[in-house]
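Q: Protein chains in written order, with the numbering used here: chain A, 1 to 263; chain B, 1 to 303.
Just so you know, these hints were derived from the structure itself, not from any lab. Virtual Cβ for every residue (Gly too), placed ideally from N, Cα, C. One should not assume that every hint holds.
[Said to hold, decoys possible] Chain B is nowhere near these chain A residues, computed Cβ spacing over 12 Å in every case:
1. L23
2. R39
3. S42
4. L99
5. G144
6. G228
7. G233
[Said to hold, decoys possible] Keeping only pairs whose Cα atoms sit at most 25 Å apart, straight-line, the calculated SDA-like set for lysine to any residue is:
8. A:K257 / B:K128
9. B:K74 / A:F163
10. B:K128 / A:L23
11. B:K128 / A:T24
12. A:K108 / B:R111
13. B:K130 / A:T189
14. A:K48 / A:G227
15. B:K130 / A:F6
16. B:K14 / A:G227
17. A:K69 / A:P45
18. B:K130 / A:P15
19. A:K48 / A:R185
20. B:K14 / A:P45
21. A:K108 / A:R258
22. A:K48 / A:R106
23. A:K142 / A:E51
24. B:K74 / A:R106
25. A:K108 / B:P77
26. B:K130 / A:L17
27. B:K137 / A:T92
28. B:K74 / A:L110
29. B:K128 / A:S186
30. A:K108 / B:N149
31. A:K108 / A:K142
[Said to hold, decoys possible] To spell it out: a stretch of chain A is covered by chain B in this simulated footprint if at least three of its residues, at any positions, have a beta carbon under 8 Å from a beta carbon of chain B; those stretches are:
32. 9-16
33. 192-198
Next come the chains, spelled out residue by residue.
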Amino acid sequence: MLRSFFAESRKLRRPTLALSTLLTVAAFSVLFTSIVYLRIKSGEPNTKMGERITATELSQYIGLVYGFKLVSFFLGITALCIFASQTAQEYTFGTLRNLLVRQPIRIKILAGKFLAMSLFATIMVAFTAVMTIATSYALAGKGGVTTSAWMSGDAIQLLGETFGNILLSTIGFGTLGMILGLLFRSPITAISIGVLWSLILETILAAAISSTLKWLPAQNIANIAEGGSRTIGYSHSLLVSLAYLGVGLAVVSLLFKRRDVAN
Amino acid sequence: MSQSAITVTNLSKKYGDRAALANANFEVPLGTICGFVGPNGSGKTTTIRMLLGLISPTSGSATVLGESITHPDKYLPRVGAMIEGPAFYPALSGEENLRVLASLGGFPQDRVAPLIDRVGLTDRGGSKYKTYSLGMKQRLGIAAALLPNPDLLVLDEPTNGLDPSGIHEVRELMRDLANQGTTVFVSSHLLGELEMIAEYLVMLREGRVIYTGSTANLLSAQQPVLVATPEYGVDLARLIEIARSHGHEASVVDDQAHIISESDWGAELNRLAFEAGITLAALTAVRPSLEETFFTLTEKIGE
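In isolation and in its complexed conformation, chain A is listed as follows:
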C-alpha cells in the first residue's frame, strides 16, 4: 500500500496539478475573504446566501476562521474533481493495466491512491487556512475589525476544530469523487455527475422537498465543514456521510477488485 501511496504522490506533485490547484484555492480564498472585509462598511450583504456579517461579530474569536469556513464547500468540490479525475484517468489513459501488473493486489492500489489524495487534500486545506487567515489579518483594519480576540485560546481551539471539520468534509467530497470515478471510469462523466449532483440537483431537491435535506449526501458532507447547523446536527451529518461513503466505497472496491481490465 505504501508503494502505491508513493507512486500516486509522484503523479499528484506534478506542477501542473499541484501548483494550479494551490493557485486556484489561493485565489478563491483571497476573493471570498476580501468580499467579507471590504464590504463590511457598505452596509450591504457581504457573505454567503446574501447575508451580512458585521465588524463587531468578526472582532470576536470566530473572526479568525470565518473566511476559512466560507471556502470550505469550494474545497470539497475541488477535492471531488481531483479524486474523480485521478481515479478515472487510469481507465481513459489505459494506465490501469500497468498499475495492476506492478501491483496485482488491487485493493492496495486503491488504498494507496486514497491515502496520497487525502494527503494532497490536507495540504490544500492547510494552505487555504493560511491564505484565508492571512487575508483576514491583512484586511481587518480596513473593515474596522479588531483582531485581539483571534489569538485567544478559544480562537486557537476553534481553528483546530474547524480545520478538522473542513478536512473531513473535503476528504468526504473527495471520496465521493473517487467512488464516481471508479463507477463511471471517465473523468468527465464522474466530475460532471458529481458537481451537478452536489451543486444543483441536491439544492433543487432540498428546496422542493425540505424533508430530504437531512438525508442528501452532499448536504451532509458540507454540513460537517460547518460543524453542524440549526437544521442538521453535526453527528447526524457525520453518520449519514459515513453511511453513504462507506457503502459506496464497499461497492466500488468490490467492482474494482473483480472487474476485468479489458482496455
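With the hints as your guide, set chain B onto chain A.
A: Only chain B this time, still in chain A's reference frame:
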C-alpha cells in the same frame, strides 16, 4: 521448478456467447523467445491479459513461472509486460512515468536512467510523454517492461510504430535478454521478424491454438517449392506438364512454374527441361516463409 515459463491448460474466456479463447493448451519453454501469432481478434491479447491477472478466465487454468494465474502477486514481480501498446500519463515525462512504476513495483529508482538510455531515449527522457512520437512511446513501453529485470518478458506488438532501425534494436534487445536467460513471449504481426528470432511459436486462430511447437519444425514440415522460369513464356505449360508427369504438383504463378518438390529434384528438372528443348532462365528452391506457412495453416483450419 517448472521447465515452462508459461503453461496453459484448457484455458477459455467467453464474453456472452462469444469465445475469445476456447480450450487453449500450450507451453512456453523457459529461456526461449516464443512468438505468439494470430490475426486480429484471434485471442492473443485476451490470453496475455489472463496470464497477467487483468482478466479472469471463464474456465481452465494456467501457470506463469510455476505459479497459478489465480495468484498473480506471486509471479508478477518477476514479469515485465507491455500490453496492447504503451500507456502512460501524458503530463509526466518519460522518466517520471517510469519512476511512478518503479515506486509501485518496489524497484530501485536508479534502474530508471539506465533503462531510458538502453531504449534510446536519453535525450528525451525528461520530455513530457504527450510530446513523444509513436516510436518513442513504444520504446518507453519496452523500458517499463524491463523495470523488474524480468525472468519473463511479455510484449504485445513491441515493434508497432518503430522505424526499421528501431525494429532491429528491439530484435537485438530480445535476443540479448534471451541469451541472459529471460523468456520472451512476444506477439507480433510482423511474421518475418518473428521468423528471425522466435525459436518457439504459438499460433491462434479464432480463439483456438492451431500450432504450438518449434519454429524450425513448423517450417521444415512445409513442402518446399522449386520455382522455375523458362527463357520463353510459351514453354511454361510444357514445363508444368513435365513436372506433373513425374508426380509433382505444379502451377503457374506470376509467369513462373511453382513445383512442389524437394530441392534435390532441381537437377533432374533442369535435365528434363533441357531434353525437352526448354532453357531455364532461373531455377530456385524456396521454403515457405513463416508468413506463407501461417496463411496456409489458417486457411486449412478455416476450410
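Q: So, for every hint listed, does it hold in this structure?
A: Hints versus structure:
1. L23: holds (16 Å)
2. R39: holds (39 Å)
3. S42: holds (43 Å)
4. L99: violated (6 Å)
5. G144: It holds; G144 (chain A) is separated from chain B by about 46 Å at its closest Cβ, greater than 12 Å.
6. G228: Per Cβ check, G228 (chain A) is outside 12 Å of chain B; nearest 40 Å; holds.
7. G233: G233 (chain A) is indeed farther than 12 Å from all Cβ atoms of chain B, at 42 Å.
8. A:K257 / B:K128: Not OK: K257 (chain A) and K128 (chain B) at ~31 Å, beyond 25 Å, violated.
9. B:K74 / A:F163: Violated: K74 (chain B) and F163 (chain A) sit about 43 Å apart, past 25 Å.
10. B:K128 / A:L23: With a Cα-Cα distance of about 22 Å, the restraint between K128 (chain B) and L23 (chain A) holds, given a limit of 25 Å.
11. B:K128 / A:T24: holds (23 Å)
12. A:K108 / B:R111: holds (24 Å)
13. B:K130 / A:T189: Answer holds: K130 (chain B) to T189 (chain A) is near 23 Å, not above 25 Å.
14. A:K48 / A:G227: holds (16 Å)
15. B:K130 / A:F6: holds (23 Å)
16. B:K14 / A:G227: Cα-Cα ~52 Å, so violated.
17. A:K69 / A:P45: holds (17 Å)
18. B:K130 / A:P15: Judged against 25 Å, a Cα distance of about 16 Å means the pair holds.
19. A:K48 / A:R185: Since the Cα atoms of K48 (chain A) and R185 (chain A) sit roughly 34 Å apart, the hinted pair is violated (cutoff 25 Å).
20. B:K14 / A:P45: At roughly 64 Å apart (the allowed maximum being 25 Å), P45 (chain A) and K14 (chain B) break the hint.
21. A:K108 / A:R258: holds (14 Å)
22. A:K48 / A:R106: Violated, because 42 Å separates the two Cα atoms, which is more than 25 Å.
23. A:K142 / A:E51: Satisfied, since the Cα-Cα distance of roughly 20 Å is no more than 25 Å.
24. B:K74 / A:R106: holds (14 Å)
25. A:K108 / B:P77: holds (15 Å)
26. B:K130 / A:L17: With a Cα-Cα distance of about 16 Å, the restraint between K130 (chain B) and L17 (chain A) holds, given a limit of 25 Å.
27. B:K137 / A:T92: holds (17 Å)
28. B:K74 / A:L110: At roughly 19 Å apart (the allowed maximum being 25 Å), L110 (chain A) and K74 (chain B) satisfy the hint.
29. B:K128 / A:S186: holds (22 Å)
30. A:K108 / B:N149: Holds, because 23 Å separates the two Cα atoms, which is no more than 25 Å.
31. A:K108 / A:K142: Violated - the C-alpha atoms of K142 (chain A) and K108 (chain A) are around 51 Å apart, more than 25 Å.
32. 9-16: Result for this restraint: holds, n = 4.
33. 192-198: With 0 residues close enough to chain B, the hint is violated.
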